[in-house]
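Chemist: Protein chains in written order, with the working numbering: chain A, 1 to 301; chain B, 1 to 439; chain C, 1 to 281.
Hints are not guaranteed to be accurate.
[Claimed, not checked] Derived SDA-like pairs (lysine to any residue); straight-line CA-CA distance at most 25 Å:
(1) Lys78/A <-> Thr164/A
(2) Lys438/B <-> Lys78/A
(3) Lys11/C <-> Val207/A
(4) Lys438/B <-> Thr50/A
[To be verified] Coverage of chain A stretches by chain C, computed from C-beta distances (three or more under 8 Å per stretch; other residues unrestricted):
(5) 27-41
(6) 68-80
(7) 136-147
(8) 156-163
(9) 244-254
[As the list claims (entries may be wrong)] Derived DEER-like restraints, expressed as beta-carbon distance ranges:
(10) Thr55/A <-> Val214/B: 57 to 63 Å
(11) Gln424/B <-> Pro217/A: 51 to 57 Å
(12) Asp59/C <-> Ile216/A: 49 to 55 Å
(13) Met49/A <-> Gln57/C: 34 to 40 Å
(14) Ile18/C <-> Phe82/A: 19 to 25 Å
(15) Asp59/C <-> Phe68/A: 29 to 35 Å
Source of the hints: derived by calculation from the structure; they are not laboratory data. C-beta: ideal position from N, C-alpha, C; glycine also.
Now for the letters of each chain:
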Amino acid sequence: MKVMRRIGKEREKYYGYLFVLPALIFMLTLIGYPIIYNIIISTQKVDVMTIRENTRQFIGFSNYIDLFKDGLVIYVTKNTLFYTIGSIVIQFIVGFGLALFFNMKFRLAERLRGLIVISWMVPVTVTALLFKFMLSPSNGIINDILMFFNVVEEPVGWLINESTAMWGVIIANAWIGIPFNMILLNTGLSTIPYELYESASIDGANVFRRFIYITIPMLRPAILSVLILGFIYTFKVFDLIYVMTSGGPVNATEVLSTYSYRLSFTIYNFSQGAAVANILFAFLFVVSLGYLALINRDEVM
Amino acid sequence: MKRVWMFVVYIVILTLILLGCGQNTQQAQQDITTNEQTPATSEGSDEPEPEPESESEETGEVIELTVWHYFNPEYDGTAFAEVVEDFNASQNKYHVTQEFIPREELLKQYSIGLVGDVLPDVGMVDNPEHAAFSAMGLFEDITEQVEGWEETEQFFEGPLLSTVYEGKYYGLPHNSNCLALWYDEDMLKEAGVDVPQTWDELMEAAKKLTKDGVYGLAISAVKNEEGVFQFLPWLLSAGADVETLDSPDAVKALTYITDMVKEGYMSNEIINWTQADVQKQFATGKAAMMINGPWNIETTKRDAPDKNWHVAKIPKDVKYSSVLGGENFGIINGKDVDGGWEFLKYICGRVGSEKFNKDTGKFPPRKDILESSDHWKSDPVLSVFGEQMEYAMPRGPHPKWPEISTAISEAMHESITGVKTPEQALKDAQVKAQEALKE
Amino acid sequence: MKFFRLSGRRKSIFINVIAIIISCIFLFPLYWLIISSLKPNAEIFQSPQTLFPRQIQFDAYYDQLFGPNSIIRPFLNSLLIATCSMIVSMLLGIPAAYGLARFKMRGSKIFILTFLITQMLPATLVLTPLFLIYKGFGFLNTFLAPIFSDSTIAIPFIVLILRPYFLSLPKDLEDSAKIDGCNTFSAFVRIMLPLSYPGLITAISFAFLFAWNDLIYAMTFINIAEMRPLTAGIYHFMDMYGTEWNKIMAYAVFLVTPVIIIFIFLQKYIVSGLTSGSVKG
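Pulled out of the complex, with its shape left as it was, chain A reads as follows (with noise of 0.2 Å):
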């Protein structure tokens, strides 16, 4: 019998690969070649009058170097970073505060909170479009509500000025991530034992002393996730600023996504095009290794 268990232990052990294998392999062979392919190609010069060549040169990093002397992708880089921020700090916010908000007992909470989820499945090109039009001067409906309240005198051009193009594209984005991350919050939060709430408010904690010694801490795995997450899908964000501004004006709006993009498909210079898009990734590891780090600090596997 001893000996049985002894091989069910063993045994145990690569029932784990079994569970995880399948989707890694699955995942491996339809995403890791291409980062490999943008990898080469972003060692090459492909373009315009060098992709039909059978024998692509190998030109090393040129092509980042030539990016770097022209200097928009620091710019852009900065950009791309600031939406990021930008969009995760409003999203985690409101988030967590309406998480909180609907995880009192009333009677609408279930049915409000599941309302609004879905500005969170509306697909992006269509919230895009509709804050697109609010957001416009002439005929936007959001410069008729802050002249109504008297917030601006004259309509805003939200999306045509340099200075509050990026604030416009954040706030639509902050629309699709707000539920994401109050959903997420929230589930944690039903997770937490109702007990440990009591027995600190018999010890006397308030509700601020709760909230940040229980609350916090034991929601941190949900917390991490989120940030992670939103900062993933916030960082490599295409069609939402694509549909939008197109990365104008000038190039106010445009991140990391939107100008590889540019790059390889309306100048064709897809070596380049890859290069950004390798700047992008290599952006998305780091933090991908700094949440790795954290995770092995926080949990015991």
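Using the hints provided, position chains B and C relative to the given structure of chain A.
Modeler: Chains B and C alone, transformed into the frame defined by chain A:
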């Protein structure tokens, strides 16, 4: 243990089902869909696309060809489909199937298709992009056929030249268009303004026509080829050209447009407006005048049936000018050249070209059709476009046109939004364009 | 988390009202979408905007249903693609999440990293290489191409969402199941999955939505008009009609409505799952 096996078997079966779908070709896939979506079949039969059955009825030697285009099925796509059907009926050697793919998507499909080698037999291309795609090796060199065809001499020089790259022909011009000034007759009358003919008059007219909620003029300055297409008439009219973007004349043109926006005669939203948006502004009375092309005639009549409007040549600075728009067709490299050429000769030939262009409000790029038919001369609107056409200049042709175009587009945005002065914006654009040309 | 112990009817009404106001503000864009689809285009171009249409008309809807490019076929295509992609993602993603949460494995961190990075490139940037792969498999112009591509977005998502969820479930449950004679797999299927179904429903709904909302993969890998999904249809619209907002919005309503219905339905389950005793432990 039993559970484990059930789990594994379940996964294996599902995988097999899914892979099973993959091994068959499109037809099988479509069968699957029709099986699962019985209500859709009745819908499918309404489609104008030719059914594959016709193939088996023929002798069996019919060669299947596909053509990709971006004529929207709701507008010019129907006319094009009819011409394709006419071609299929006119002979029994080839059968052509047409596929509509939106413009941006089509360009992407071409560039991906080049790497992946999945392309149609014949493809449509916007004329300024033709040279770039020829350089990329998308199109077959058909110089021999074009030069040997007796009807080649009927094509206008500009459109025909747009198919040339490094002295060789890579396609045939299919349709042409250009831009003109559209104006709301009632608004002009009310403001007591005559139809402007010069830049000064236009500025003055725009000023008088601008009032609460209505802009004097609307153009498209969107950040792509469309915006550049709309800007070039001003650039050329000032006597500048795309080779020297930093010339004083070019600066004058960009300054003029920028001032129009600064003064508020034109909305600052023009940087986000496509030409379709501009048409809507005009049709809904939000703009008294606009710059747009003949493909909007039917749409405007439909949108605003009671509106009194007319068109005129774009006001001039030094000279009248417009830009040649239009599409070409080419045979894809390595595909059936004989079949493709037969098809090209038909759709760009006398009958096919006349039918398509008549039905869609576009212009045939052929002298013989314009001379023999009075469709384009008798219509008061089309005849103005016809006059304007004489001043229409082609863009490029140059394989690096997309890069030059991007540089111009950026300069426009920088100047209109006030990030840079027109001088500085064009100076920077010139540097970028020169770099592109140097390579 | 229960900060407030609600006492008294008045307080309860107050909170409900606040919740309604918040929801209304948040969902205003959707109201605007529907309202705009019911206006004639001329009214949309008037300013200031009318908060309620002066003249309600359903022309835009009629056009979309019975016009030359009817949405019925693309609608069914979307449904097929999204459902299949959801199934593929579930079959691969859920076990992977479980495996990573429950087993000590050599390289499990690398696996997590792989799932993280495989979803990092925006769809637009993997188009060319994916195109090459599908060409090799003969998947181009079949529904398999968008189904698999959409699953590459959903699988990492499921893994990352569900792994913490599985982690948070008490391990004792599994152990006691094993004492009762279950092995690893049956414990997973019989005990852990039912216990975690609120989380599962969340993950699965999102997997469906990723595929339902996808535009770029379907557009790139399918060139046959009759096989295109709904999102491609609205893209054609934007391409050609520019600012015919009422029509675009009507199209959007078709795109959004079924998902809203499904989701509201599932929402009940998610919430009941969250509040049921089994999860709270």
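Chemist: State for each hint whether it applies.
Modeler: Against the structure, the hints come out as follows:
| no. | hint | verdict |
| --- | --- | --- |
| 1 | Lys78/A <-> Thr164/A | holds, 16 Å |
| 2 | Lys438/B <-> Lys78/A | violated, 30 Å |
| 3 | Lys11/C <-> Val207/A | holds, 18 Å |
| 4 | Lys438/B <-> Thr50/A | holds, 15 Å |
| 5 | 27-41 | holds (count 11) |
| 6 | 68-80 | violated (count 0) |
| 7 | 136-147 | holds (count 6) |
| 8 | 156-163 | violated (count 0) |
| 9 | 244-254 | violated (count 0) |
| 10 | Thr55/A <-> Val214/B: 57 to 63 Å | holds, 60 Å |
| 11 | Gln424/B <-> Pro217/A: 51 to 57 Å | holds, 55 Å |
| 12 | Asp59/C <-> Ile216/A: 49 to 55 Å | holds, 53 Å |
| 13 | Met49/A <-> Gln57/C: 34 to 40 Å | violated, 53 Å |
| 14 | Ile18/C <-> Phe82/A: 19 to 25 Å | violated, 33 Å |
| 15 | Asp59/C <-> Phe68/A: 29 to 35 Å | violated, 53 Å |
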